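Student: Throw the hints in and build the complete structure from the sequences for me.
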Amino acid sequence: MTWSDFLEIVSYPFVVRALVAGCLISLCASMLGVILVLKRYALIGHGLSEVGFAALAVALALDLSPLYVAMPLVVAASFGIMLIGRSKRVNGDVAIGVASSAALAAGVIVTSVTRGANTDVWNYMFGSVLAMTNEEVALSVALSIFIVVLFVLFYNRLFLVTYSEDCARSLGVNVEAYQFAISALTALTVVLGMRMMGTLLISSLVIMPALTARRLVGSFRALVVAAAVISPACFCGGLAASLFLNIPTGASVVAVNLAAMFLAGIPAIILRNTQR
Amino acid sequence: MSAPLLSLKDVTIAYDSVVAVEDVSFNVEKGDFFCVVGANGSGKSTLIRGILGLEPLLRGTVSFGVDRDRVSWVPQVEAADRDFPATVREIVLTGTQKRGGLVFFYTAADRRNADAAMEFFEIEDLAGRRIGELSGGQHRRMMLARAMCRDPDLLLLDEPCSGLDADAKRAFYDWLNRLHDERGATIVMVSHDLDEVELRATRIAVLDRRLVFLGDAGEWTRGKNGKNARGSLEFSGGPAS
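Chains as they are written, first to last, in the working numbering: chain C, 717 to 992; chain B, 303 to 543.
Think of the hints as simulated: they come from the structure by calculation, not from any bench.
These numbers were taken from a predicted model, which means no experiment stands behind them.
Residues from chain C that keep clear of chain B, each with C-beta distances beyond 12 Å, as calculated:
1. Val774
2. Leu820
3. Ala854
4. Asn962
Listed next, the stretches of chain C that the computed footprint assigns to chain B, with coverage defined by at least 3 CB atoms under 8 Å from CB atoms of chain B:
5. 864-876
6. 883-895
7. 924-936
We put the beta carbon where it would ideally sit given N, CA and C, even for glycine.
Tutor: Spelled out as C-alpha cells, the structure:
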C-alpha cells in the first residue's frame, strides 16, 4: 500500500468514524483504567467484555440492537460484580472470574443454538473497523465529555477514594457512589469499544495505557494525563497498522500498546544502570 | 460541664456472627489524652473504626460533641497503599476535604493549612517527594500533618507507632504532645505501647472485647479496687498489637 492509498483510505467515512470513536473510547478507558489499575480492579474490563459478548449474542439471536441490549446488561453486571466484590466472603477477582466465565458460556450457548459462529460473532470477538455507526460515535463523544468533566470537577475526591477508601469514608465521602459511577462508566466504555476492539481485546485499553504511564510518571495527576495522551496515540498507531497490514484493528491496537509499554520501561532501565 | 467531645453508649460491633466489641460505653472530654489499650484481638482497632463509621454498629450509639469536619483520623500504616503514586503535599491536602458538596476544589485557605501543617511537623522540605520514598517516621508525620490540616478538635489515632524505631517513636510522641498541649487537640489513641500510654494518657480504657477498665492514668498504674490494671494486662499475655 502506498502513502496516497493510505491517505485515501483514512478519508473514508467508516475510517473517520473509527478514528474519532476509537480515540475517544481509548481516552475514556485509559482515564478509568488508572483508577481501576491502582485499585487492583483492572480485570473488571475483561469480565464486562465477556458479559458484553453474551449480550451481543442474545441481541443477534433476537434481532435486536446490540448496543441497547448490551448497555443495560453490562452496566447491571458491573454493579453486580462490584456488590459481590464488596462482600467480605468473596474477593473482587473471584466475582470477575465467575461473571466472565458464566457470560462467555452463555454467549457461546446462545450463539451455537441460534446462528452458529458466523462472521458477526467473529467480528464481535476480535473487532472490526467497519463496526462503528454514527450513533456509536455520538455516544462516544458524549461519554468522553462526561468522563473528562467528572475527572476535572471531582479530581480531588477521585484521588482520595483511589488512595484509601477508609480515609475517604472517615471524611464522610460517599465511596460507594464513586465506585458505582466508575463501574458504570467502565461498562459503557467497554460496550462502545468492544465492537471495534473485540470483546476479547477491549480490556487492554483499560489496563495497558495506565501501566505504560506508570512507568513514565510518578504522581496521580500526571498518570491520568499521561494515560489519556498515550492511549489515543497508541490507538491511532494501531489503526494505521491495521489498515496498512490488513489485520484486525483490535489486535494491532493491543500490539502497539504493548510496544509502548516496553518502550516506556527503557528510561527506567537506563536510569537504574546509570545509578549503579 | 460542657458536653463530651465523643460519647459511646453500649457500642457493639460484630463481624458476621463473631462479636468483636461488646457493650462499650465511655465519654471523651475536651482536653483528654484518652488511650485505649488491650491485647491482640481485644477489639481496639475495631472500636476506632466503629467510632468513625467504617464498621457498622450492631448495637449502641456513637455521638460527637464537635463538628464532624473537626474530627481527624490517623490510620494504621496498612490502611493506605505506600506505593500509591502521590506526593506528600497531595496526601496532606486530602486532610482538608470536607463532608458533603458535589464539586470539590482546594481553596487557597486549604493550601495554607496544608503548608502550615507540614511546617509544624517539619516535613515542608518533603512536600514534593513521593510517599513511597519516605521513612516510617516521615510517613507518620505526613499522616499527622494530614490530620492536622482540619485543625481538629478531636484526633483519633490507631496504633500510630507500629513499625517505628525508638528514635522515631520518641519524636512522634513529641509531635503528638505539641498537638495536644499547644493546639489543644483532644486525642483518642489506640496503642500497645504501655510505657508511653502511662506517661502521656490522662484517661485510659482497657479493652478485652468488653471494657475491663476505665479510669485515669493514676488509677491504672496504682491499681483500682486493689487490682493493678496494668499488671493484670501484662500478666494476661501482653498487649502487643
